[in-house]
Structure formats: structure tokens, C-alpha cells
Amino acid sequence: MSDTTLSSSTAVGLPAFRFSAAETLKHVVLIFGSLIVLLPFYVMVSYSFKSPAEIMQNIGGFFGAQEAFRDDYCIKLGKDVADCMVTPVIYNYTTAFEKAPLIRYLLNGVIVTASIFFIQVLVALPCAYALAKLRFWGREAVFGLVLFCLLIPVHAIALPLYIMLAKVGLTNTYAALIIPWTISVFGIFLMRQFFMTVPDDLIDAARMDGMNEFSIIWNVMLPTAIPALLAFAIFSVVAHWNDYFWPRIVITGDRSLFTPPLGLREFKGDADGDNFGPMMATATIIVAPLIVAFLIAQRRFIEGITLSGMK
Amino acid sequence: MPRSKAHYWFVGPALFLMFVILLLPIGIASIMSFTNYSLGNSGAEFIGLENYEKIFTRSTYEKMFGATFRYVFVVVPLSVGLGLGAALLINSTKRFGDLYKTIYFLPVMAALIAMAIVWEFAFHPTIGIVNSTLERGCGTFLEVWGWYAHGCERGFPLWLTDRDYAIWTVAFIGVWQGFGFNMVLYLAGLTSVPRELYQAAEMDGAKSAWDRFRLVTWPMLGPTTVFVVTISFIRSFQVFDTVEAFYPQGGGPSKSVYVMMFAIYEKAIQQNLMGIGAAITVVFLAFVMFLTLVQRWLVERRVHYT
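In order, the protein sequences belong to chains A and B. Per my numbering, the first sequence starts with residue 1, numbered consecutively. Per my numbering, the second sequence starts with residue 1, numbered consecutively.
The hints are simulated quantities; they were obtained by calculation from the structure and are not laboratory data. Since this is a predicted model, take the numbers as computed values, not measurements. For each residue, glycine too, the CB sits at the ideal point set by N, CA and C. Be careful, since some hints might not be right.
[Said to hold, decoys possible] Okay, the calculated bits of chain B under chain A, using three or more residues with CB under 8 Å as the criterion:
id : region
1  : 7 to 14
2  : 21 to 28
3  : 86 to 98
4  : 269 to 283
Working from the sequences, and respecting the hints, build out all of it.
Set out below in C-alpha cells:
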């Protein structure tokens, strides 16, 4: 990483171990910022470990004392008090999975994000290839249209899309969650820019070998485009795993179609005071997959999200 | 060159979907915005500009614009400024840069709805960590600050339910969530600033760090800034998750957090007033497309997609 930009001029050329007031000050500011950024993550994970009493009184440090407490709901079911003593962390996480079909929600999330990405690639890749490498009448117009469509934020046209889906009776289906995202003009744009850099000779050679245009796309262009495709995959998955607005609109009744954000929202709706722990556990479970993936492959993630900032 | 008609098959599906999913809805919204259509009714009456008239005259919508613009004009400058600041600081420290970068980027990855729920607890007046932390500062030098002393005496604000604070609190969460994204874009921009320029500037007498920033870094970041500002505008115009999580019944205390995206949702989906919802959609689209076009125009004087 370059360190030229703001390094204080007094520090230039001095041995690295010398105390530098400017350097220290920078770290003080950055650490303070980190604390604020991390605060809700700390609250979320910490509360998912604690008992209701500890949450209410704000005691118990990060992990809580993990002392067993009495589960009133279990008592209500008429079980023995001795059987109803639970450890907070276990209680919170098991309740998260028991109270709502959380596994189902997570599965829905995977189905929806995977289908969206798969279809987006299926549609965008051939189009990008044609725009980059084939010469045909109307190509410029199509590309112009792609550039125009980049202007349209899909969330903003949610209402007419909802009406169209309602008219054909598709609300409360997987299709409703997936269809509006099947076209990614950004994906077309990104892939086209990438394909432009692929030498024509490669494609001509493939044609000489008797490959048809379809197999050129999937056997020649696709492998070369893996880095761009990966970046696009990260963007697509992050956006749709976290999306709340669109599922909120098209999935109104059927719990079995809820995506993770919707499931969490519903949990919040009927949470009373005792449910803070399980709710935080649910939030942790929903947020964790992307965060963990991000921590493992930061560079790729940042690349992917940055590229897709274009959208 | 085309020996086949393959391109029809390649471009066709994408074109079809672009028309049906992106262009047709704009047409539908535009037409519907002149009607009093609601889903389930057989017909709809053409009512001309009535919906638009409502949007630009009624106090509910005045509040909608007020909340939206307040939110946008807090979140955009702060998230751009903090993004730039963080990028410059991280770029200039010798150690732990990657660690800070990772931390600041975490909120971008986390589902906003989940984090909104967590923030709601953090801002809770009695059991929340924010106010309990603030209370710990009571009796120290911080009380010199009038607002703080007042808080110690009378209790700190009910962040999310006080109409004087609600929109700013929601905006704070927006900044918290978004500035890491801008930071990353700025870090990418900074790597493309040639080092020689700094040496040249120094020879020309730019001695202080501020001079170097003003004369080299900032101008070189111009295109990045245009892009970052536009992206931040578009993203903050579309705020919904936090508002719906905090105020499912509509718009927060005294409608002070009644942002446009929520208004569309409430009017059209909850109340089935499709006409007025469509009109807000059209106004909304006009804002966003205008902003993007301005950005295109600013950037395209330098870059061309060839």
C-alpha cells in the first residue's frame, strides 16, 4: 500500500521506530472510528450469548455468565422446573431455529440468490459477447439501450413490476422473487467491457477449429471471463441475500417463501422482552455467511463490490 | 463477418427482458400516475395531474420530501467525507491499514435489516448501550458541553422516537452503513495517483501535507468523487430497510422519517392507492435519472466507452 499521500513530512527518512505524533494521532482516529463501526456487531453477537436478565440489566460482559436460567415458556408447557433450566447461549440459538423455520428461510435465501445469479449469467453473457465481438445491424442501438437501462434503479420501479406480477398471478412465488432480477444490464455492461479486451484471434482460431458461436461463448469466452464473473457473482449474491425491500413487497403471506431478512423481520414483529437473545441470534445467523466469506476472501469481495458500484 | 444468425439468440433474451422488466414498468408507472387505479378494481379513471398536484401541495408529501432530502443531504456529504477521510488516513499509515479497511467495510456486507434491529436495541432509552455509555461520561469534562450536561440532568434523547432526533438517527445509521463503500472506491482511486506528481509538487514548493492534498490528490480524485457522490445519492434516495424496521406503521414520529421509498410502499402496497404510488415512483425516477445523467456528463468528458 502506498504511504506517500499524507505521511507527515517530518517522518520522511527517519527510522521507522521513531515516535511520530502524526502517526499516533491517525491511529487514535482510526481506532475510534473502528469502535463505532463495530459497536452494533458487538451488541449483536454479545446479546446472542446472554440471558434475558443480563440483557435487561446490561451486565455480564461480552459472553454473559452463561448461568442457567428458567425458561418460562417451557414451564407453561407443564414440564418440570428442573428440565426447564437452560444455558443462555444454547437457549438463544435453539430458539432462533425453533421459533421460526429459520433453516427454511436460509434455504430460500440460497435458492433465490443462486437462481438469480445463474439466470443473470445465462442472459448477460451471450448478449455481452454479441455486443463485444459480433458485428450486426443495430448493435450500437442495443448497447445504447444497455447504457440507458443502467440509469434505472430496479427498486424504484418495484411498484409497476409488482402490478405486472400480480396480474399474472405470480405474487407469493419463487418466480416473483427471481424474475425482476433476471436481467442485469450491469452484468452485460461489465462483461462486454471485459470481452472487448479478449483478442479477436482467439475467437477466429476457435471458429477455424469448427466451434460454433454457442460453444465459443461457453468454452472460450467464459473461462477467460472468470475474474469478472466472480466479481459480478459477489455483487449479485451480496445484493440479493441482503435485499429486504423486494421480498417484503411480493411475499405477503406464505411463510415458507420468506427469505432470511423477511424471517428476521417477522421475528421482530412478535418479539416481546424475553426474545432479545433469540432475535440477536437470528440476526447473527443471517449476517454471518457473507461476513465470514468476506473475511476469508476480502480482496475478491472488495473488488467485486467496487466494480459493481457502477450500478 | 456474421456467418450465422446467432446474434439474434444472444441478444434476443436480454433485449426482451430489458423491455419487459425495465422499460415497460416505466411506461406503466407513467400512465398509471394519471389515474386512480387500484389493484382488484376492474377499471380506473383518468384523473389527469391530480396525483402530481397532491404530491406537490399536500403536507404529507411535503413531509416526505423534507424527510428524504434531510436524509440524503446528511448521508451523502458525511458518507463521502468520511469515506475520503478514512481512505486518506488508511493510505497514509504504515501499519494495520488492511485491518481498518476490513472493519470499515463490514457494515457494507451486513444485511441492513439485521443491523437496523441491532441499532434499535443500541439506541433503546433504558437498556441500550448508546445511552448507558453516554451516562458514564456524566460528571466528567464532557459536561462542559451544554447538550451533554442537559442530557445528564434530564436523560439523553429517545433517539428513535423523538421527532427532533429520529431522522438524524436514521441518517447516522445510513452513514455508518455506507461510508466503507465510499472508502474502498477512494482507496482504489488513490492507487492510481502517480507518485511523480507528488515529487513534482514538492519541487514546486508544495511543502505541507495539505498543499500536496490540495494540489495533487484532490484534483486527481475528481472522477472518483463524481462517481462516489452519485452512487451515494442514488443509494440514499432508496433508503427503506431502516425506516420500515423502526416504523412499520408509517414514517416515524410526526412523519419525520417518511422517506420516498417508504411512501411508495405505504401508499401503493399497503393502502392500494396505485395511482399516487405511481406518481411518486415517477418523481423518484426523475430525481435518480437526472443525477445519473449529470454524473455521466461530468465523467464522460474524460472517459468514453469504446
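How the hints compare with the structure:
Here's how the region 7 to 14 of chain B fares: 6 of its residues keep a CB closer than 8 Å to some CB of chain A, so the rule of at least three is met and the hint holds. Chain A is given as covering the region 21 to 28 of chain B, and this holds because 7 residues of the stretch bring a CB closer than 8 Å to a CB of that chain, at least three being needed. For a cut-off of 8 Å, the count of residues in the region 86 to 98 of chain B with a CB near a CB of chain A stands at 11, and the three-residue condition holds. Against chain A, the region 269 to 283 of chain B contributes 5 residues with a C-beta closer than 8 Å to a partner C-beta. That satisfies the three-residue criterion, and the hint holds.
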